[in-house]
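Put chain Z on the given structure of chain W with help from the hints.
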Amino acid sequence: MSDAALAATNKTRSLRPPRGIVLPTLIFLAFALLPVVASLTAKQYLLDVGARMMVFAVAAVALDLLVGYAGLISFGHAAFVGLGAYAVGILSAHGFSDVLIALPAAIAVAMLFAWLTGIVCLRTKGAYFIMITLAFGQMVYFIATSLAPYGGDNGLTIAARNTIAGWPLLKSDRAFYYFALLCLLATYLFCRALVVSRFGRVLRGAKENPTRMATIGFGVRRFQLVAYVIAGGIGGFAGFLLANLTEFVAPAYMSWQQSGELIVMVILGGAGTLDGALVGTAAYLLAEEWLSGITENWKVIFGPILVLVVLFARGGLIGGLNAFGSWLWRRSGHA
Amino acid sequence: MPDPVLRLEGLRKNFGSLVVTDDVTLDVMPGEMHAIIGPNGAGKTTLINQISGLIPPDEGRILFAGSDVTALPPEVRALRGLARSFQISSILPGFPVLENVALAVQARDGSSLKFVGRAAEETALNAAAMAALEQTGIADRAYVRAGELSHGEKRALELAIALAMKPTLLLLDEPMAGIGREETERQVDLLLRLKGQLTMVLVEHDMAAVFALADRISVLIRGRVLVTGTPAAVRADPQVVTAYLGEQLE
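As given, the protein sequences belong to chains W and Z, one line each in that order.
With our numbering applied, the first sequence corresponds to residues 12 to 346, in that order.
With our numbering applied, the second sequence corresponds to residues 8 to 257, in that order.
The set of hints was computed from the structure by calculation and includes no laboratory data.
A quick note: this is a predicted structure, and the numbers were derived from the prediction, not measured.
Take these hints with a grain of salt, some might be off.
[Claimed, not checked] Quick list of in silico lysine-lysine cross-link-like pairs, DSS-like style, CA-CA up to 30 Å:
1. W:K182 to W:K54
2. Z:K121 to W:K136
3. Z:K121 to W:K218
[What the hints assert, rightly or not] Here are the in silico distance ranges between beta carbons for each label pair:
4. W:F323 to Z:G38: 53 to 61 Å
5. Z:S157 to W:L322: 18 to 26 Å
6. Z:G38 to W:P221: 30 to 38 Å
7. W:V60 to Z:V83: 45 to 53 Å
8. W:K136 to Z:G48: 22 to 30 Å
9. Z:H158 to W:L200: 36 to 44 Å
10. Z:T130 to W:F39: 27 to 35 Å
11. Z:H158 to W:K136: 26 to 34 Å
Beta carbons are placed, not taken as given, at the ideal position from N, Cα and C, and that holds for glycine.
Here chain W stands alone, though its shape is the one from the complex (with noise of 0.2 Å):
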């Protein structure tokens, strides 16, 4: 191989998608072994906790996939969540709660909702776009505020967990907490394989260009709203996770504040990563766990340092990481 092919073969190694393996395998690691750790140290909450996390972050790689990847700042996400858990709390008020109704209710009913509103939306762009889908999203708060019979402001709680094949399976905290877990890596590991596959190039190129990817042959916006209908799907499935998680179901998980703080939760990691929005979200969840603590208004704390962490590490906390982790190895003597 001539010495210019072999630097151009180097070159594009470092050019490919962080094939990183280790940062992932650490947070799920680290998720894995917190169960073990909470009943050590007999601090049950943490169990609580690291669920929380791990659910959200269900939410928030699908709203990466969007955000980061498609370039399209979704600011309804939480509608998805929220008709995901409603589906779940309206089946089981009538009965059925088991698994194998409530999960693929829950995925299809946001499904639905993202290809009716999608198509609506991505007829826009920019400001607009991200108008249009808030507005999509508080159309279904307020009509599930109204929802009288199901609890309407005040929510609806949930008798007990789904079964699985009728099995109580979930009961245990525990239990659902590994439940969540294996749901968050396939979630992970789904979004992955497509951010690379042949769809995922075309999303990512229509961020970058879309004129130039409609003028060799692909229709964007179709390719845009199935992007759409996925990230929807997996949004529900996360709703379906949290209402399991608290037996209960609200408005307030689908308000655009909840949007807004996924948003947060995929920038403050770093968009366009899928790792981003695990640290995301569990940074988020472990600094309102803490800062909450020290006073009610923990946002006024949490606001600079959102700020700080946008202004100072470009590409968010993974690319503070990933900087910090090139800076070390230059500094133990590495060319």
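Okay, now just chain Z, sitting in the frame of chain W:
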């Protein structure tokens, strides 16, 4: 006489009160290199944009390979064999050069609704993309990020993307704009080699290149086709000399 690859019928486009395409009727024959020349603001790029589907005409029809494509979106025209380059290079700067081209191959190779498998490692796509890069002379830059290419290399990449589409009609919007003399010569050589293999519409200000390449030339002035003819006829046309070529050929 064979049917034209591209036929424009009474095409009209206004931007507000400004007439940018004024009753343009034009035939481009199979295998022909048809140049469109004219002063700045004559509406050349707007015409290309209408042919490729980025801008809808106000009136008139566009027939491509015998069927009316006036109402079809750009991606459908592209899949039917209509490729184009842009006056200002339009590439995916964050992607490796090879993937810029591989995407064009992917567009007409089966379904892109595939959610598994690494697209960047599909050897069939990459091989076809590499062939196009070799054709335009930038194969050694295949693994560089496209945004890092020099201006001339970007032009070559654009051409490679278009060629990878295996087009029947190639629209070239000022492929020589802003590149050095050596690169211009290379580009002219390449287009000469492509001549006859596919039909081309060339918009270009470099008159030496146009007269070296074109089979026929249409002169566009204020959105209107002043004259269409062979290079010799156009060069000798007194109207053209007064309106445009006079200043160009001095």
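Hints versus structure:
no., hint, result
1, W:K182 to W:K54, "holds (19 Å)"
2, Z:K121 to W:K136, "holds (25 Å)"
3, Z:K121 to W:K218, "holds (18 Å)"
4, W:F323 to Z:G38: 53 to 61 Å, "holds (59 Å)"
5, Z:S157 to W:L322: 18 to 26 Å, "violated (33 Å)"
6, Z:G38 to W:P221: 30 to 38 Å, "holds (32 Å)"
7, W:V60 to Z:V83: 45 to 53 Å, "holds (51 Å)"
8, W:K136 to Z:G48: 22 to 30 Å, "holds (28 Å)"
9, Z:H158 to W:L200: 36 to 44 Å, "holds (41 Å)"
10, Z:T130 to W:F39: 27 to 35 Å, "holds (32 Å)"
11, Z:H158 to W:K136: 26 to 34 Å, "holds (28 Å)"
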